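**Student:** Protein chains in written order, with my numbering: chain R, 1 to 86; chain G, 1001 to 1336.
Derived from the structure by calculation, the hints contain no laboratory data. This one's a predicted model, so the numbers in the text were calculated from it and none came from an experiment. Hints may contain errors.
Between beta-carbon pairs, the in silico distance windows are [stated by the list, open to error]:
| id | chain 1 | residue 1 | chain 2 | residue 2 | range |
| --- | --- | --- | --- | --- | --- |
| 1 | G | R1255 | R | M1 | 52 to 62 Å |
| 2 | G | R1255 | R | T23 | 54 to 64 Å |
| 3 | R | R63 | G | V1261 | 40 to 50 Å |
| 4 | G | E1056 | R | R56 | 44 to 54 Å |
| 5 | R | R63 | G | Q1149 | 54 to 64 Å |
| 6 | G | L1252 | R | R63 | 49 to 59 Å |
| 7 | G | G1326 | R | L58 | 21 to 31 Å |
| 8 | R | M1 | G | R1323 | 43 to 53 Å |
| 9 | R | T28 | G | L1321 | 34 to 44 Å |
| 10 | G | Q1149 | R | I41 | 23 to 33 Å |
Where a beta carbon is used, it is the ideal one built from N, C-alpha and C, also for glycine.
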Amino acid sequence: MEAGWIVTEVGRQPWVVYRLLTTAQGATTNGGVIDTLTAVIVLYAVLGVSTVLILRLLARRWRQGEEDVSDVPYGPPSAPVAGGTR
Amino acid sequence: MTVEIVGGILLAVLTLYAILAGADFGAGLWDLLAGGDVTGEAPRELIDETITPVWESNHVWLIFALVIFWTAFPGAFAAVMTATALPLWLAVFGVVLRGAGFAFRKEVETLRWRRLLGATFAFSSLITPFFMGTVVGAVATGQVKLGVQHSTLATWTGTTSILIGCLFVAVCGYEAAVFLIGEAAGRRDGTLERYFRRRATIAGAAAGALSLAVLLTLRSSDVMLYHRLIGRALPLVILAGVCGIAVIALLLTRRSRGLRVLTALGVTAVVWGWGVAQYPILLPGTGLTLSAGAAPHATLLALIIVAIIAVVLVAPGFLLLFRLHGRQLLEPDASG
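The whole structure should be built from the sequences, with the hints applied where relevant.
**Tutor:** Written out as structure tokens, the structure reads:
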């Protein structure tokens, strides 16, 4: 599905809207495009890595047969392990 | 007429976003201000239980609003996106980090990471509505010009814009506290009920004071909007004020009946007051009207049909979600 999307987007170049608007016309006139692109890539790289790490953590916990760590997001460390917020 | 219908749909969607996502952002704000691990445990648990089932779906309305805005009013959309690029980027980062922080914080094991991710969620809940407010302020004060080429700091950092940013934060906190009073009452937790009652009163008073301050600064930043707010839109402004005072009175006399409805009605009156005051101007300060800035008629017609279909598809799910949530059937203890 992703590949199909890429083919559509690349295949339509240089148009964003076919025969109405070119990509160059549609681009922002603001500066800092590289900066925002970098920020987005960094953010999503961090989120992507975190997702993988957390999924692995969940899998490990599940294998060990544990339910959940605590009820409250970051409550006191001594909080009793009961229920669980999924 | 078509363009008025589309404008009305856009305002209605913005109203839903302001109420539902506003309460959601506000819940994050109270999480941020709940204090240390021990003192903040009870309120954080209530907040977490309350927003877990609804926090993602509430942001559907932002997507609706953006799609309607760029399809129906492309020129104005481009101008807003260009002129207020920085606060919009910061709001986007806030939305992304907020969701990620909220979802991840429950799954990590060490307290340090939980705190870090929780703080990400809570801090994002503070900055996102603030920057969204500054964008609305930039539009309302006519700082967004048609065909603008570059964003400048001055566009969205005027007194009115900053005040509207603060107003958004206060309103979010107010809505969330009012909703959380009901949640605490439903759990027969008198301590938490009083806790959020106090916070709702403070946030409500702050929102009221900021609204008045915004109105006063509009006298110099956008005199036309000011005159329309105390002219054509006056009934809605009064309605908003009456709702606000009534909610504060209910809070102080420890009553709960009608609290949520009046809060929602007050916010609705503010959003529609802005819409009515601005009509038929799309971008104040440019003279661009709704009809002049609108997409072709066929596009608008298609948009209305799509909006109706979307509501028909989404509404039953939402009603079921809120019903189950209202009966507290979505909590881990109840579902087993």
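**Student:** If a hint holds in the structure, say so; if it does not, say that too.
**Tutor:** Hint by hint, here is what the structure shows:
The supplied range of 52 to 62 Å is met by R1255 of chain G and M1 of chain R, whose beta-carbon atoms lie about 53 Å from each other. Judged by the Cβ atoms, the range 54 to 64 Å given for R1255 of chain G and T23 of chain R holds: they are separated by roughly 58 Å. Checking the proposed 40 to 50 Å range against R63 of chain R and V1261 of chain G shows it holds: the Cβ atoms sit about 49 Å from each other. Distance hint check: the CB atoms of E1056 of chain G and R56 of chain R are about 23 Å apart, inconsistent with the given range 44 to 54 Å.
Taken as a hint, the range 54 to 64 Å holds for the pair R63 of chain R and Q1149 of chain G, whose Cβ atoms sit roughly 57 Å apart. With their beta carbons about 54 Å apart, L1252 of chain G and R63 of chain R fall inside the hinted range of 49 to 59 Å. Taking 21 to 31 Å as the suggested C-beta distance range, the pair G1326 of chain G and L58 of chain R conforms, at roughly 30 Å. Look at M1 of chain R against R1323 of chain G: about 34 Å separates their beta carbons, and that is not inside 43 to 53 Å.
Take T28 of chain R and L1321 of chain G: their Cβ atoms lie about 37 Å apart, and the range 34 to 44 Å holds. Judged by the Cβ atoms, the range 23 to 33 Å given for Q1149 of chain G and I41 of chain R holds: they are separated by roughly 26 Å.
Hint violations for this structure: numbers 4, 8, all remaining hints satisfied.
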